[in-house]
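Undergrad: Sequence:
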Amino acid sequence: MSTVLAYLEDTYKFTDNAHIEYVADDERGSFCVLDSTVFYPQGGGQPSDIGNIEAKGVQLPISFVSFVDGDVRHYGDFSSISLEKGEEVTLYVDEAHRMQNAKAHTAGHLMYTIIESLDKNLIAVKGYHFPDGSYVEFQGSPAFENTEIFIAEVNTKISEALNEATSVEVSLITPEKLAVRWSNIPNNLPPGKPLRVVTIDNFHPTPCGGTHLKSLNELKSVIVTKVKRQKGNLKISYKFE
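For the record, in the sequence shown the residue sitting at position 64 is 1170 according to the working numbering, with numbers rising by one throughout.
Since the hints were derived computationally from the structure, they do not count as laboratory data. Take these hints with a grain of salt, some might be off.
As the list claims (entries may be wrong) - No farther apart than 30 Å at their CA atoms in a straight line, the calculated lysine-lysine pairs in the DSSO-like style are these: (1) K1162 - K1226; (2) K1326 - K1283; (3) K1232 - K1162; (4) K1119 - K1226; (5) K1263 - K1162; (6) K1320 - K1337; (7) K1345 - K1332; (8) K1119 - K1332; (9) K1341 - K1326; (10) K1341 - K1191; (11) K1320 - K1232; (12) K1345 - K1326; (13) K1119 - K1345; (14) K1119 - K1162.
Claimed, not checked - Simulated restraints, written as ranges between beta carbons of each label pair: (15) R1134 - Q1165: 32 to 38 Å; (16) S1265 - V1129: 45 to 51 Å; (17) S1108 - N1269: 37 to 43 Å; (18) Q1245 - E1160: 15 to 21 Å; (19) G1176 - D1116: 32 to 38 Å; (20) K1345 - S1188: 20 to 26 Å.
All residues carry an ideal CB built from backbone N, CA and C; glycine is no exception.
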């Protein structure tokens, strides 16, 4: 079976009902798999959701969520209760944790699409959208000569975008339509997940399965803090609030 990824429908959906498929263990610990989930599994440079699953009136804390072979594994201690296949449970995602991760991810998209628009030699290849130590890595030789001037220019463009309170559009897409809209399709898109793109203002759409804000007005600031070379790539760090 494959878990229905209900979190793709709405970042702001924090609770839902689902049914138990099975409970098992792996090297990380005990986990349960459901027929659908609003919990985001770690991946794409974004941390997993945390929260609780309520079953038979018992709150079961979920400390980590992972996507494995089409199934979403919800890790926690299930020893206090017997969970049977088909049993209905209620899911509760930690709202503050979810929204902090969504802010980090949207801030990263805003930052790197602006950088790519300013310097055509740079292509984003990796994002680390964890709230602590956020960065994006770029391939290519930068066209700019003065790093400080470039950072200032990027931060000015980011501020302008935030002041316009631009909407963030998220939509599912077919591989064929994606190829038409975006020429540089990453070769590391996870198999088994629906294709989805995120578009901010008039910047190019980007394939992404993460959680995102509805509008940039939910971000107070996004600031590029430093640029450095790392293993041949250009690592550009940012902070947000």
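Undergrad: Does each hint hold? Answer for all of them.
TA: Status of the hints after comparison with the structure:
Taken as a hint, the K1162 and K1226 pair is broken in the structure, with Cα atoms around 56 Å apart against an allowance of 30 Å. At most 30 Å may separate the alpha-carbon atoms for a hinted pair to count; K1326 and K1283 exceed this at roughly 33 Å. Of the supplied pair hints, the one linking K1232 and K1162 is violated, its CA atoms being roughly 42 Å apart against a limit of 30 Å. Of the supplied pair hints, the one linking K1119 and K1226 is violated, its CA atoms being roughly 37 Å apart against a limit of 30 Å.
Annotation: proposed proximity of K1263 to K1162 is violated, straight-line Cα distance about 51 Å (limit 30 Å). A threshold of 30 Å between alpha carbons decides the hint, and for K1320 with K1337 the separation of about 34 Å lies outside it, so the pair is violated. Only pairs whose Cα atoms come within 30 Å are accepted, and K1345 paired with K1332 is accepted, the gap being roughly 10 Å. For the hint linking K1119 to K1332, the alpha-carbon distance of about 34 Å lies beyond 30 Å, and the restraint is violated.
In summary, the hint linking K1341 to K1326 is supported, as the alpha carbons are separated by about 23 Å, within the 30 Å threshold. Simply put, K1341 and K1191 have alpha-carbon atoms about 46 Å apart, too far for the 30 Å limit, and the pair is violated. For the proposed pair K1320 and K1232, the alpha carbon gap of about 23 Å is at most 30 Å, so the pair holds. Restraint check for K1345 and K1326: the C-alpha separation of about 11 Å stays at or below 30 Å, so the hint holds.
For the hint pairing K1119 with K1345, the CA-to-CA distance comes to about 26 Å; that is within 30 Å, so the pair holds. The hinted pair formed by K1119 and K1162 meets the criterion: a straight-line CA distance of about 22 Å does not exceed 30 Å. In this structure the supplied range 32 to 38 Å is violated for R1134 paired with Q1165, their Cβ-Cβ distance being about 21 Å. At about 49 Å, the beta-carbon gap between S1265 and V1129 stays in the expected band of 45 to 51 Å.
For S1108 and N1269, the hinted distance range of 37 to 43 Å is satisfied, since their beta carbons lie about 42 Å from each other. Distance hint check: the CB atoms of Q1245 and E1160 are about 45 Å apart, inconsistent with the given range 15 to 21 Å. Checking the proposed 32 to 38 Å range against G1176 and D1116 shows it is violated: the Cβ atoms sit about 21 Å from each other. A beta carbon spacing of about 46 Å between K1345 and S1188 contradicts the range 20 to 26 Å that was offered as a hint.
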